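A.B. asks: With the hints as constraints, model all of the structure from the sequences given.
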Amino acid sequence: DAYVLALFLLGLYAGRRRIFHDIPAHLPFIRRVQRWGLGIGIAGNAAFAVGGSFDPSPTSVTQNVGRLCLVVAAPAMTFFYASTVILLTQREIWQRRFAPLAAVGRMALSNYLLQSLICTTIFYSYGLALFGKIRPSLGLLLTTIIFLIQIPLSVWWLRRFQFGPVEWLWRSLTYWQCQPTRVSPCRAQASDSGPAILCRRSGDRHGGLSGERRRGGGRPEADAATTESR
Numbered sequence: 009d010a011y012v013l014a015l016f017l018l019g020l021y022a023g024r025r026r027i028f029h030d031i032p033a034h035l036p037f038i039r040r041v042q043r044w045g046l047g048i049g050i051a052g053n054a055a056f057a058v059g060g061s062f063d064p065s066p067t068s069v070t071q072n073v074g075r076l077c078l079v080v081a082a083p084a085m086t087f088f089y090a091s092t093v094i095l096l097t098q099r100e101i102w103q104r105r106f107a108p109l110a111a112v113g114r115m116a117l118s119n120y121l122l123q124s125l126i127c128t129t130i131f132y133s134y135g136l137a138l139f140g141k142i143r144p145s146l147g148l149l150l151t152t153i154i155f156l157i158q159i160p161l162s163v164w165w166l167r168r169f170q171f172g173p174v175e176w177l178w179r180s181l182t183y184w185q186c187q188p189t190r191v192s193p194c195r196a197q198a199s200d201s202g203p204a205i206l207c208r209r210s211g212d213r214h215g216g217l218s219g220e221r222r223r224g225g226g227r228p229e230a231d232a233a234t235t236e237s238r
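As numbered in my numbering, residues 9 to 238 make up the sequence shown, in order.
If you're looking for bench data, these hints aren't it; they were derived computationally from the structure.
Keep in mind the model is a prediction, meaning the values are calculated, not measured.
One thing to keep in mind: the hints can contain errors.
What follows is a set of in silico ranges between Cβ atoms, one per label pair, in the way DEER data are often shown [stated by the list, open to error]:
1) Ala137 - Ala22: 39 to 45 Å
2) Leu181 - Tyr11: 23 to 29 Å
3) Thr182 - Val93: 33 to 39 Å
4) Ala137 - Val73: 18 to 24 Å
5) Arg190 - Leu109: 19 to 25 Å
6) Ala10 - Arg40: 22 to 28 Å
7) Lys141 - Leu181: 37 to 43 Å
Just so it is clear, CB atoms sit at the ideal spot from N, CA and C, and this is done for glycine as well.
C.D. replies: See below:
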């Protein structure tokens, strides 16, 4: 599909430019993406709505022109939403508010498959068979509820495990080796208390001294050299 390939290439372009590695240096570019995304998105959606209202026939010129505009408008609005979130997260208050969404992103594949399982059970014939039987407003409410449930579920899961269940399976198959699953107690504490938590091995009385001994291989002469240098 050329449409999906184009989106992958745009993602590759962003990665090559290392936009997300140094966001402050790319803020002017991100602001331009936000403005252009909003403008193109609104114009394209308006053209789609107007084109369909003139002639609803699937073969009409206005209908197909509107659909073509929608093909451009949909990713443009996506860029607008993404750039807006990026700009908001440059402020500390919004970083705290958006922090739980990071867990959802780290489990993107697991959450996607869970959403698919829930929604197909609700809408497909093997489940409740409600496809085409509910209003768009109710559908929006339903998807919002599902996502609001997935946010704390993702946070809870990643406090106990390093990866989402499907991400763990994918990673294990990629490396052809079973990957570790559990989060160490110190990492779990850090996720609750912030990134400044330092892990200390059992038996270490002083974090700094134990770190020096580990760097020196635990040898007495290394400790003595460190003491003399001080």
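A.B. asks: Range hint 39 to 45 Å: satisfied by the CB atoms of Ala137 and Ala22?
C.D. replies: 41 Å, holds
A.B. asks: Okay, Leu181 versus Tyr11 on CB: inside 23 to 29 Å?
C.D. replies: For Tyr11 against Leu181, whose Cβ atoms are near 28 Å apart, the range 23 to 29 Å holds.
A.B. asks: For the range 22 to 28 Å, tell me whether the beta carbons of Ala10 and Arg40 fit it or not.
C.D. replies: 25 Å, holds
A.B. asks: Taking the Cβ atom of Ala137 and the Cβ atom of Val73, is their distance within the range 18 to 24 Å?
C.D. replies: The hinted range 18 to 24 Å is violated for Ala137 and Val73, with Cβ atoms some 35 Å apart.
A.B. asks: Taking 33 to 39 Å as the stated bounds, is the beta-carbon spacing between Thr182 and Val93 within them?
C.D. replies: This hint is violated: roughly 29 Å between Cβ atoms.
A.B. asks: Evaluate the given range 19 to 25 Å for the C-beta pair formed by Arg190 and Leu109.
C.D. replies: Roughly 24 Å apart at Cβ, these two residues keep to the hinted range, so it holds.
A.B. asks: Lys141 and Leu181, beta-carbon distance inside 37 to 43 Å?
C.D. replies: 39 Å, holds
Comparing the model with each earlier hint shows violations of hints 3 and 4; every other hint is respected.
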